[in-house]
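Q: FYI, the numbering for the sequence shown is 1367 to 1723, going by the numbering used here.
Quick caveat, the hints were computed from the structure, so don't treat them as lab data.
All C-beta atoms in this analysis are idealised placements derived from N, C-alpha and C, irrespective of residue type, glycine included.
List time: in silico DMTMM-like cross-link candidates among lysine to aspartate or glutamate, alpha-carbon distance up to 20 Å:
no., residue 1, residue 2
1, K1512, E1583
2, K1476, E1519
3, K1525, D1472
4, K1512, E1601
5, K1425, D1439
6, K1484, E1532
7, K1690, E1639
8, K1569, E1634
9, K1590, D1431
10, K1518, E1561
11, K1513, D1584
12, K1569, E1586
13, K1512, D1606
14, K1590, E1435
15, K1425, D1716
16, K1476, D1526
17, K1690, E1634
18, K1518, E1473
19, K1574, D1439
Each pair of labels, with its calculated beta carbon distance range:
no., residue 1, residue 2, range
20, M1509, T1535, 28 to 38 Å
21, N1637, S1389, 34 to 44 Å
22, P1482, E1515, 14 to 24 Å
23, D1466, T1516, 20 to 30 Å
24, G1596, D1418, 37 to 47 Å
25, Q1538, K1469, 20 to 30 Å
26, N1657, H1692, 17 to 27 Å
27, D1471, E1401, 46 to 56 Å
28, Q1483, S1721, 51 to 61 Å
29, A1390, L1665, 24 to 34 Å
30, N1434, Q1475, 44 to 54 Å
31, D1419, E1515, 36 to 46 Å
32, G1505, P1482, 15 to 25 Å
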Amino acid sequence: MKKYLLLIGFLFISASAFTQDHSALIQKADSLVTEFFSEHKLPGMSISVYKDDSMIWSKGYGFADVENEIEVDPSRTLFRIGSVSKTLTAAGLGLLIQDDVLKPDDEIQKWVSEFPQKQYPISIKQVSGHIAGIRHYRGDEFMSTKKYETVKEGLVFFKDDPLLFEPGTKYQYSSYGWNLISAVVENAAQQPFLEYMESEVFKPLDMKNTVPDWADEDIEHRTKFYIWRGGANVEAPYVDNSYKWAGGGFIGTTEDLIKFGEAHFDYEFLNEETQKLLTTPQMTSDGNSTNYGMGYSTLQHAGNYWVGHSGGSVGGSTMFLMNKEHRMIIAYTINRSGASFDNLHFRIADVFLNSSE
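Whole structure, please, built from the sequences with the hints as guidance.
A: So this is what it looks like as C-alpha cells:
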C-alpha cells in the first residue's frame, strides 16, 4: 500500500507535466466540453481524464455558486455524485468478499436480521446487481428532507414491501437495494458504514475530498445545487440523502474519482478475482446479460469495453468510466439535475483513443 500511495503522489504532482504530451488532444477535448457546457446552459462542471498512467487533463467550467461567482475547481469542488456512490460502496463490499468475511451468495438475512424474510430468498450478489426484485423510488421519496442517523433507519422506505418478481428473473434498477448493501457492509465489517468507507476505501486511496453529503452541515467547497426551471438555472430544493449513502449519498471531486479508478489498474487494492466478480455482468435466468455486475455498469463503444457508473441526484449529474485495456478514466460532474450527457464521455474517449498523436 505504501508503494501505491507513493505512486499516487507522483502522478498528482504537476498539472503542467501531465498535459505536456497531450496538449493538442486536450485542446480538442476542451472545445468539445466548452461547446457542450454552453449548449446545455450548465451552471458548473468539472472534468478529469486519466490516460497513459497519469491524469492528463483536469478542468472546471462555470460556477460552483452562480450567485457569488465561485468558480469550479476540479481538485476541491464537491459535487453530488449520485449513483456513482454504488460503485464506491461496491469496492468496500469487494474488500469484505476478498477477505473471506462474507460471500456474494450469502442470503441477505444472514447479515441483516432486521430485513424481513420475503416470498423468495435473496442474495448479496442479486441485490447488488438489481436482480433481486427490490423496488426503486416511489412518488416523491427521492426528495426526502428527513435526516436518518443510521443506514438501518434508511431501510424503512422499502423493507416491508414484497419483492417485485422472483429473484434472478428480471433486471430492475433499485437504489434501495444499495441501502440494504450498506447494512450488510456495516454488520459484516462490525463498523458503522461511513466509518468503514472512510477507513477502508477513501483513506487508502487518498480520496480526501469524498465525503457523505450531510445536508444540515456546512461542508467547505460543496457546490450549490441547481435545477433547470423557466429557462434558467435555479437552486434545487433542499433534500437530505442520509437515507441512502450507498445508493447515492456521497459528494466528491472528479480528481478523487480518478484516484478511485486508478486503483483498478493493478491488483493491490482489489485483487483480480474480486475485480472480475464485481465487474462481470450478471445474467437473468433466461440467459440475458444485465450489463451490470455488482455496483459496476458495463458499456461498449467503438470496440472498447468500459466499466463504471452514471449518477443522477437532486442538483447533480455524474459520469465515471474506466477502460482497463487503454488504462483510461473519464470522470465528469455537473451541479444540475437531469443534465443530458449526449455521449460526451465517448466523444472525449474518441479524441484520445482515435488519434495518431
